[in-house]
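Peer 1: As a plain string of letters, each chain reads:
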Amino acid sequence: MSQEMEHVEAEITRMKAQLQALSAKAPENKLSMVVFSGDLDKVLASFVIATGAVAMGLEVVMFFTFWATPVLRDKNKKEPGKDLMGTMFGKMLPKGAGAVKLSKMNMAGMGTAMMKSLMQKKNVASLEQMIEMAGELGVRIYVCEMSMDLMGLKREEMIDYPGLDFAGVAKFLEEAMNSRVQLFI
Amino acid sequence: MSQEMEHVEAEITRMKAQLQALSAKAPENKLSMVVFSGDLDKVLASFVIATGAVAMGLEVVMFFTFWATPVLRDKNKKEPGKDLMGTMFGKMLPKGAGAVKLSKMNMAGMGTAMMKSLMQKKNVASLEQMIEMAGELGVRIYVCEMSMDLMGLKREEMIDYPGLDFAGVAKFLEEAMNSRVQLFI
Amino acid sequence: MSQEMEHVEAEITRMKAQLQALSAKAPENKLSMVVFSGDLDKVLASFVIATGAVAMGLEVVMFFTFWATPVLRDKNKKEPGKDLMGTMFGKMLPKGAGAVKLSKMNMAGMGTAMMKSLMQKKNVASLEQMIEMAGELGVRIYVCEMSMDLMGLKREEMIDYPGLDFAGVAKFLEEAMNSRVQLFI
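Chains as they are written, first to last, in our numbering: chain A, 41 to 225; chain B, 41 to 225; chain C, 41 to 225.
Pulled out of the complex, with its shape left as it was, chain A reads as follows:
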């Protein structure tokens, strides 16, 4: 092989390595969200974004933590045996998506009821419908194990959702690192 050709081959090998490194670092077509808030308005927003993103071809991962965790309780499931603290929290926290309130103008529930009736009138899907739709569209949901543990929530009282999984913050970060878009809601 000529010296020139050897040089060219060496350059190509170097560039291929660089290309591979860059490709490995490039984020995937994915959107990751921490859903921290348990307010009706914010959780709704997270699902509007999630379902909208799927429609645009993005993979979507949601990580439910802290106040958002009880939004995923199933109101029809019996609460499993809990200790005193767990029972207290169980009573105080909203039991599922139908029980969460607006962050503002709740006005003892009146504002929340008004907003819900408005949404129905304007053909905006309810939170429960949004969650179901997200499940059908393949939006993945992780529930924060530390929050479950702190609030005394049990896996058996959570909604049936395709691919619902329980995980720690490391799992979320792993997804977020490889996502084009990350949001904390």
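Treat the hints as calculated values from the structure; they're not laboratory data.
Note that this is a predicted model, so its numbers are computed, not measured.
The list makes no distinction among identical chains, and a pair is therefore deemed to hold if it is satisfied within one copy or across any two copies.
Within a straight-line C-alpha distance of at most 27 Å, the following computed DSS-like cross-link-like pairs (lysine-lysine) qualify:
1) 162 / 118
2) 211 / 135
3) 115 / 131
4) 141 / 156
5) 144 / 194
6) 117 / 141
7) 117 / 144
8) 161 / 131
With chain A held as given, fit chains B and C onto it using these hints.
Peer 2: Relative to chain A, chains B and C alone:
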């Protein structure tokens, strides 16, 4: 052409395709924000970030949704004819940037007034000034159509802002996907 | 040199330039957070994310602004001489990480106390311990100068934290632009 040369040409063609794919996926020098909160402090923060980002050479896009939507009402514009629900919301929601309150320590308006007077004393621009500045700097603002519809807000009552546009979540996601930085405020 | 070879060399030079440009634009293995909220739950979440991210090999930068700023006050440090406004704010704002409250269910402090005792029982680190841990792990913290100025907080009353620095929004944006993940909390 020699076999060696053919091999080299093929490698180059492959790498060029990879480079093009990577370039297409690389985010633009852009910052996208969802402004969801209607609290004075958070909306202020969003404009501090927006104007700061422009100063650093970033393109900036803000998507005003939910409680942030009425912040963009113009207090000097007459409200157009609305149905009962729209009129009720119109009364309850703050009428523009001058009417929004702190998220904490509002203390029946006293805390908000104190903060505003402090900002003036310390030469921090007011929210109204910030919005004007953002407009001059070319910060683009989208207003969420679904929020407008839910709250019964009309386009005619919104502020005059260069390049104010009305859009759905898909528009925001399109911008966010190609942005280096995305925030939900 | 043959014409073919000249062509190949030119292609390689072009691609090298493109590769360099792409590499320069690629984000670093870094997570940037604006910590705006001063609520115990949200600040805790920010440190859970921060320390988790370091454990996964990410560099972490936090930008403390607005309500989050007084969380970094040191309760054992004497307050330096302040003007009237500064003294008033100093009294009203929480004095350090031990004094912050939950965003929900604070119930005159009872909910916050309950959560803290639960965290201890479940072996979750307290906010004070989290901050110390973050410092040891090399999480960098910037405190927003504008917020310090507005709230009349002095540098001498802030905690001793390795690498605590005071900066404006430009500094944060510079970090955020080169980060894989950005969050506003």
